[in-house]
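The listed protein sequences derive, respectively, from chains A and B. If you count by the numbering used here, then the first sequence holds residues 289 to 712, one letter each, in order. If you count by the numbering used here, then the second sequence holds residues 289 to 712, one letter each, in order.
Quick caveat, the hints were computed from the structure, so don't treat them as lab data. Here the structure is a predicted model, which means the values were calculated and not measured. Please note that the accuracy of each hint is not assured.
Derived Cβ-Cβ restraints for the label pairs, each shown as a range [what the hints assert, rightly or not]:
| # | chain 1 | residue 1 | chain 2 | residue 2 | range |
| --- | --- | --- | --- | --- | --- |
| 1 | A | Gly395 | B | Pro570 | 35 to 45 angstroms |
| 2 | B | Arg506 | A | Val509 | 18 to 28 angstroms |
| 3 | B | Val509 | A | Arg333 | 41 to 51 angstroms |
| 4 | B | Arg506 | A | Ser319 | 37 to 47 angstroms |
| 5 | A | Ser319 | B | Ile393 | 26 to 36 angstroms |
| 6 | A | Glu456 | B | Asp643 | 40 to 50 angstroms |
| 7 | B | Gly671 | A | Glu456 | 15 to 25 angstroms |
| 8 | A | Gly320 | B | Gly671 | 31 to 41 angstroms |
| 9 | B | Arg398 | A | Arg371 | 35 to 45 angstroms |
| 10 | B | Arg398 | A | Gln374 | 18 to 28 angstroms |
Glycine is no exception: its CB is placed at the ideal position from the N, C-alpha and C atoms.
2 protein chains.
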Amino acid sequence: MLTSTENELASYCIQVARRARNASRVLCGLSGAIKNRWLLESAQRIEASCDQILEANKIDLQNAEGFGLTAAEVDRLRLSTDRIQQIAEGLRAIASLPDPVGELIEGSTRPNGLQITKVRVPLGVLFFIYESRPNVSADAAAIAVKSGNAIILRGGKEAMQSSRAIVEIMQLACVDFGVPIDAVQLVNTIDREAVGHFLKLDQWIDLVIPRGGESLIRRVVAEATMPVLKHYDGNCHIYVDEHADLAMSVRVVENAKCQRMGVCNALESLLVHRGVAREFLPMLAMQLTPNKIELRGDEETLTHLPSAVAATEQDWSQEYLGPVLSIRVVGSIDEAIEHINRYGSHHTDAIMTADLSAARRFVTLIDSAAVIVNASTRFNDGGQLGLGAEIGISTDKFHARGPCGLRELTTYKYVVYGDGHVRT
Amino acid sequence: MLTSTENELASYCIQVARRARNASRVLCGLSGAIKNRWLLESAQRIEASCDQILEANKIDLQNAEGFGLTAAEVDRLRLSTDRIQQIAEGLRAIASLPDPVGELIEGSTRPNGLQITKVRVPLGVLFFIYESRPNVSADAAAIAVKSGNAIILRGGKEAMQSSRAIVEIMQLACVDFGVPIDAVQLVNTIDREAVGHFLKLDQWIDLVIPRGGESLIRRVVAEATMPVLKHYDGNCHIYVDEHADLAMSVRVVENAKCQRMGVCNALESLLVHRGVAREFLPMLAMQLTPNKIELRGDEETLTHLPSAVAATEQDWSQEYLGPVLSIRVVGSIDEAIEHINRYGSHHTDAIMTADLSAARRFVTLIDSAAVIVNASTRFNDGGQLGLGAEIGISTDKFHARGPCGLRELTTYKYVVYGDGHVRT
Numbered sequence: 289m290l291t292s293t294e295n296e297l298a299s300y301c302i303q304v305a306r307r308a309r310n311a312s313r314v315l316c317g318l319s320g321a322i323k324n325r326w327l328l329e330s331a332q333r334i335e336a337s338c339d340q341i342l343e344a345n346k347i348d349l350q351n352a353e354g355f356g357l358t359a360a361e362v363d364r365l366r367l368s369t370d371r372i373q374q375i376a377e378g379l380r381a382i383a384s385l386p387d388p389v390g391e392l393i394e395g396s397t398r399p400n401g402l403q404i405t406k407v408r409v410p411l412g413v414l415f416f417i418y419e420s421r422p423n424v425s426a427d428a429a430a431i432a433v434k435s436g437n438a439i440i441l442r443g444g445k446e447a448m449q450s451s452r453a454i455v456e457i458m459q460l461a462c463v464d465f466g467v468p469i470d471a472v473q474l475v476n477t478i479d480r481e482a483v484g485h486f487l488k489l490d491q492w493i494d495l496v497i498p499r500g501g502e503s504l505i506r507r508v509v510a511e512a513t514m515p516v517l518k519h520y521d522g523n524c525h526i527y528v529d530e531h532a533d534l535a536m537s538v539r540v541v542e543n544a545k546c547q548r549m550g551v552c553n554a555l556e557s558l559l560v561h562r563g564v565a566r567e568f569l570p571m572l573a574m575q576l577t578p579n580k581i582e583l584r585g586d587e588e589t590l591t592h593l594p595s596a597v598a599a600t601e602q603d604w605s606q607e608y609l610g611p612v613l614s615i616r617v618v619g620s621i622d623e624a625i626e627h628i629n630r631y632g633s634h635h636t637d638a639i640m641t642a643d644l645s646a647a648r649r650f651v652t653l654i655d656s657a658a659v660i661v662n663a664s665t666r667f668n669d670g671g672q673l674g675l676g677a678e679i680g681i682s683t684d685k686f687h688a689r690g691p692c693g694l695r696e697l698t699t700y701k702y703v704v705y706g707d708g709h710v711r712t
Numbered sequence: 289m290l291t292s293t294e295n296e297l298a299s300y301c302i303q304v305a306r307r308a309r310n311a312s313r314v315l316c317g318l319s320g321a322i323k324n325r326w327l328l329e330s331a332q333r334i335e336a337s338c339d340q341i342l343e344a345n346k347i348d349l350q351n352a353e354g355f356g357l358t359a360a361e362v363d364r365l366r367l368s369t370d371r372i373q374q375i376a377e378g379l380r381a382i383a384s385l386p387d388p389v390g391e392l393i394e395g396s397t398r399p400n401g402l403q404i405t406k407v408r409v410p411l412g413v414l415f416f417i418y419e420s421r422p423n424v425s426a427d428a429a430a431i432a433v434k435s436g437n438a439i440i441l442r443g444g445k446e447a448m449q450s451s452r453a454i455v456e457i458m459q460l461a462c463v464d465f466g467v468p469i470d471a472v473q474l475v476n477t478i479d480r481e482a483v484g485h486f487l488k489l490d491q492w493i494d495l496v497i498p499r500g501g502e503s504l505i506r507r508v509v510a511e512a513t514m515p516v517l518k519h520y521d522g523n524c525h526i527y528v529d530e531h532a533d534l535a536m537s538v539r540v541v542e543n544a545k546c547q548r549m550g551v552c553n554a555l556e557s558l559l560v561h562r563g564v565a566r567e568f569l570p571m572l573a574m575q576l577t578p579n580k581i582e583l584r585g586d587e588e589t590l591t592h593l594p595s596a597v598a599a600t601e602q603d604w605s606q607e608y609l610g611p612v613l614s615i616r617v618v619g620s621i622d623e624a625i626e627h628i629n630r631y632g633s634h635h636t637d638a639i640m641t642a643d644l645s646a647a648r649r650f651v652t653l654i655d656s657a658a659v660i661v662n663a664s665t666r667f668n669d670g671g672q673l674g675l676g677a678e679i680g681i682s683t684d685k686f687h688a689r690g691p692c693g694l695r696e697l698t699t700y701k702y703v704v705y706g707d708g709h710v711r712t
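For reference, chain A alone in the conformation it holds in the complex (with noise of 0.2 angstroms):
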């Protein structure tokens, strides 16, 4: 633990960064078989573990009070032999997934007869900073290592042992595999300066993934010197367009909204055509009841329930995660589009329609992560997706969008055969 001078740390930030980037030299041709094998024996080894992790993981919570920990804060860092065996289950899964790095993305036999490749490669270097559940250090680690990533893991202080404890297993198997030991370094100082170090080391760091509160993935946006994984939040929506199925509506808002309040794609905001508000805003009022959602309207909306509160500019913008939904009516399908744009977060935004021609311009104009017709904004996500793993969701343009897995962790390069072809 280091906690000494400014240019201690400094000089240890970088010596983790250059290991991290000589492992990755290695790590780009190793082959599937021997990741696999890694995964396989450290979820074993994780399993066999179990009595040393949930040592670590008693002195994290002892030490939580301190840290201010809320209840559900604590639970989440909690350990058990059953959150213990998922973890395992989890590096199984990840072992189980095509290997994303060799892919042959395309190719072409050019007219001189050079034949070109496009092949994915790993991206090189990963800096994972996150919260505190210690299952996220294993996951991060198994879905780097497969994509054929070195990661820097600076997890949350509060979990410092059980990721410590778990790390350390998976390290071990990597001496014993084949797998060079740096693949995957814990951060080893709870020095809050050191991300700062981290994000000046652009030329052995190639991605920094931030996953927090706004104010850090914010601050880490400021001060990184390489490309940044990230979203800031989720300000979803639900149309609900003058052809829709009402019935039908009632019950994906209530799912988009009530079936977990606090992720990033959860509904938060709702807008209904003028067309159907009449109806349709007392029949989701009445099922939203039993789940004491609070409704914040704008006037034409409070025409149609009156017990909703006047909703203000800033409501249209913001992501409560939380019992609040706001709602607007609107006069057209490009009303609502515009709308969306305007105050959305990118992320997740859905229509409910049966009209086609409603559906195809909802999803060509609208500028979002992920689109859906007539389902939960809660689908956004890689497993429902169907990407087996994910590491974070992107809300930007540039290299992934939506759910990042193995294969957003990846690059190309070209790799062109020529029998001594020259340029004339």
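Guided by the hints, dock chain B onto chain A, whose structure is given.
Chain B only, in chain A's frame:
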């Protein structure tokens, strides 16, 4: 032409960026037929307006001396009937390329019946900073709009009149063919501060593409709040392996070094395996004699080429863009790989070998945008690789790598269809 207060300039830049964003909201839904008709009509009108463009070009040429342009630069600036014809042909070639927008990249139906598609969509708004050749204005506008993006063109002041004449023709064609007029905008001021203002506007601009000298590109990277598509330099290598065909290697090295010296994919540094250095280096030196290439070698190279100059550490990192070649003798392919990954620009690197396992090792472990076997580095180019059109070359790994054509100016979104699906 704005030259007054900073405030006026800032608000001008914001207006331009906003108009581009609004245009992009329409462009993303425009059919390929409309975009192609606009390209073909622009080509015809450019040919028909030849005299008017030549008049504008004459003013630029008259101003050229005042800007201190070299003879080569004046030549690149000069238009002729032939060159204007070529600009029009370039637009027709881009019209004939497949439309990347709307491509269904992949899709699946999940076990619950939810239909998942990943659809290619435009990035949005591009800000393109480039040197003085007026043909680049037409090319960039065509590539941007064909890929569904709005573009803000910031050309060199040297070509301002010529670029304006060409862009105005394309804008008038926009109006007549249903393309938003702000799809293509030329920055209407030569104030250098304008670039700084645009680089702050990440809420409206999705990507900046700077083309020019390394200092311009470094400035853009330092100031940009949005992603940058770029390469700094091209320190390209050829490694002549122990098992290379030496006569073929001489031809390829000569081509890579001499066919065109001032370009980013020209050869700058040669690595030769110890086992063939004694035979190969004198053969090469003799072949290069007529080209008057200065050879700068390490100690071992000098024993085979007594007339070469001693290379310094700095030579290994340098992009000469002229008649100089650095040469190093290495003891193994791994030594060559390490040298290239350490000193290279991750741009274009080649191996000459008849040995399959050496070729496979080289292409796996070299961390560059293009890795070439038995052919000249000069082939790393959008046209040569079959992309059809190119707006720049990227040596970054995030998003696009190597030559960037239409597809590299797009992103994707998930489009999901359900029948009232909710998450349980």
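Inset, instruction - Enumerate the violated hints, using their earlier numbering and listing them in ascending order. - result: 7 and 9
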